[in-house]
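*Asks:* Sequence order for the protein chains is A and B. Heads up, the first sequence is in our numbering, so the first residue is 1352 and it goes up one at a time. Heads up, the second sequence is in our numbering, so the first residue is 643 and it goes up one at a time.
Heads up, some of the hints might be wrong.
[Claimed, not checked] Some chain B residues judged to face chain A by a derived CB distance under 10 Å, without partners named:
1) His-675
2) Phe-713
3) Ile-717
4) Val-721
5) Leu-737
6) Val-761
7) Thr-762
8) Val-765
9) Ser-784
10) Pro-791
11) Ala-816
12) Ile-819
13) Ala-822
14) Trp-825
15) Ile-879
[Unchecked claim] Which chain A residues stay away from chain B? Per the calculated CB distances, all over 10 Å, these:
16) Met-1352
17) Gly-1366
18) Phe-1395
19) Arg-1396
20) Pro-1402
21) Asn-1439
22) Ser-1456
23) Val-1458
24) Ile-1545
25) Thr-1546
26) Ile-1554
27) Ile-1555
28) Thr-1606
29) Phe-1630
[Unchecked claim] To list a few chain A residues with every Cβ distance to chain B over 12 Å, as calculated:
30) Gln-1377
31) Asp-1393
32) Met-1401
33) Arg-1406
34) Phe-1509
35) Lys-1612
36) Thr-1626
These aren't lab readings, by the way, just hints derived from the structure by calculation. Each residue gets a CB set at the ideal place from its N, CA and C atoms; glycine is no exception.
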Amino acid sequence: MLIPAVILTIIFKYGPMFGVIIAFQQFSPVKGIERSPWIGLDNFRYALNMPTTERVIQNTLIIAIGKIILGLIVPLVVALMLNELRRNWSKRTIQTAVYLPHFLSWVILGGIMIEILSPSRGIVNDVLGIFGFGPIYFLGDNSWFQPTLILSHVWKEFGFNTVIYLAALTGIDPALYEAAMVDGASRIRQAINITLPGLRPIIILLATLSLGSVLDAGFEQVLVLYSPQVYPTGDIVDTMVYRMGLIQAQYGVATAIGLAKSLVSLVLISVAYWTAYKFAQYRIF
Amino acid sequence: MVYKEHWSRHVFVVVNALLLATLAAVCLFPLIHVLALSFSAAPAAAAGKVALWPVDFTVAAYDFALSRPAFRNSIMVSVQRVILGVFINMLLTVLVAYPLSRESSAFPARTFYAWFFIVTMLVSGGLIPLYMVVRWTGLLDSIWALVLPTAVPVFNVVLLLNFFRGLPKELEEAAFIDGAGHWTVLFKIYLPLSMPALATLTLFSFVMHWNSWFDGLIFMNSPDNYPLQSYLQTLVISRDISQFGMDPSLLRLVSDQTFKAAQIFIGALPIILIYPFLQRYFVKGIVLGSVKG
């Protein structure tokens, strides 16, 4: 039963893992892996010495960490607010609205954003104009590009963690709230002293697991939304690998950068899972 | 017991509901705005008169989009990709999940194979080596490049194998005593009992294949082979309409703005149509995957 899946996995998953050896070669597709000359760590040295490298790493970290932090806080606040709604239908209606962007691709959402954020004809700048601001070129101005990336990511994805928090909320014993009410605790005290401590394990868990993604600033999103004028703030490791490797055909250097990123991520993921297991008794499998 | 609530509580309830309603609106308005644009006449759209409802209603942008071979072609590629891709995904998910759901005593190599697949979730060779492998296998420019590298969805396998493990053992024990083999147990007992889980995974797989665009972009040399989302990517990042070769008489009704809006909406439509089902299973799926025990 396993044979077809094993063969496909060896070719398309383990094959590329083996293929990272071209990071140590002056690889040319004509010569192939067997006959391309070995150059040791030269590709890595070259990548580190490129003038853009430092900036790209910095962009990646800022964007990714911004997304992680907001991606933990916003869903928590929304889940707590949803939890206060009494009517189930209003809860359901709002949830239906906020999950939808999660299922749409960045091409669709990016297309929508390019339209509504356009400085000349976009509705967002029309509205800002009414209040006397603007026009702001969200996708073309280096001071706005990173916040735009972070907020649009939150727009797409916050529904996901909201579900997890809501599920954890249902696990809190209602008797605790009843006891608190009898003792005369206000709703705010109940939220601080019962709800938040009840959610603490899941908050710690999500925070630790997101450690593995500090180098993932959102490749597909950036690729759809960026343009050369925002490379100074918008170019991230993955987009740099893509441009160097598949557009400029510098296969060896691009693979080296990708490999370095994977190794760092792998270490971070291992640390994250180990920590999650240690402190929250969480296991994925 | 009835508590008399303080007035501040009522204020809070109203403010809270209003904030949440605003949030929901912020999530949906961009989509509705683009939908309204796609059904509006070009001059009204360009003049910024369109907010959430079409102005000078017309379907010209859709007519024009659907009349273009490149667009129709990319829809066909996407449909093929989804049918083939979902079928392969589901077949392999079932074929992998069943053996891995066995006890280690019945299938000693279980742990080895489990790690064999799980490792691919944690590490990957990266973009360039994957491209080289696809090139080496000669799949560039063929639909197989879009479905074979993603053929084994390990996350789905984990979900299904956990589901299989929750099924009552007595059923299969009875079947084995009656002389059934593993194939019979899988197809006659496990699969019929797993319909809700299989439906969920089919939806996930559908969404994944419909939404993927980057692989289409890099594995297809010829834009004729682009699936819809890859085609849309090249469309939305292009800022120029001249390349579309538009008939001047159409310009009264269609602009690149309404034309793009219409195509973006068509790209989102299948997801919106299955969304009611997705949402229901989505919650179960995440909770199943993330908050165990």
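*Asks:* Holds or violated: is the Cβ of Phe-1395(A) farther than 10 Å from all Cβ atoms of chain B?
*Replies:* 14 Å, holds
*Asks:* Could you check that no beta carbon of chain B comes within 12 Å of the beta carbon of Asp-1393(A)?
*Replies:* Holds: least Cβ distance 16 Å, greater than 12 Å.
*Asks:* Taking the least C-beta to C-beta distance, is Ile-717(B) closer than 10 Å to chain A?
*Replies:* Check failed: Cβ of Ile-717(B) comes no nearer than 14 Å to chain A, outside 10 Å.
*Asks:* Using 10 Å as the Cβ threshold, decide whether His-675(B) counts as touching chain A.
*Replies:* 6 Å, holds
*Asks:* For Phe-1630(A), is the shortest beta carbon distance to chain B beyond 10 Å?
*Replies:* About 15 Å separates Phe-1630(A) from the closest Cβ of chain B, which puts it past 10 Å; holds.
*Asks:* Against chain A, is Ile-879(B) within 10 Å by beta-carbon distance?
*Replies:* Interface hint status for Ile-879(B): holds (7 Å vs cutoff 10 Å).
*Asks:* A closest beta-carbon separation below 10 Å is what the hint needs, so does Pro-791(B) meet it against chain A?
*Replies:* Status holds, d = 4 Å.
*Asks:* Grab the minimum beta-carbon distance between Gln-1377(A) and chain B and tell me whether it stays above 12 Å.
*Replies:* It holds; Gln-1377(A) is separated from chain B by about 14 Å at its closest Cβ, greater than 12 Å.
*Asks:* Have a go at the Phe-713(B) hint: is there a Cβ in chain A nearer than 10 Å to its own Cβ?
*Replies:* 14 Å, violated
*Asks:* Are all beta-carbon distances from Phe-1509(A) to chain B longer than 12 Å?
*Replies:* 9 Å, violated
*Asks:* Checking the smallest CB distance to chain B, is Met-1401(A) really beyond 12 Å?
*Replies:* 16 Å, holds
*Asks:* Does the claim that Ile-1545(A) lies off the interface hold, with its Cβ farther than 10 Å from every Cβ of chain B?
*Replies:* 17 Å, holds
Violated hints for the displayed structure, listed by number in ascending order: 2, 3, 4, 9, 11, 12, 13, 16, 17, 22, 23, 28, 34 and 35.
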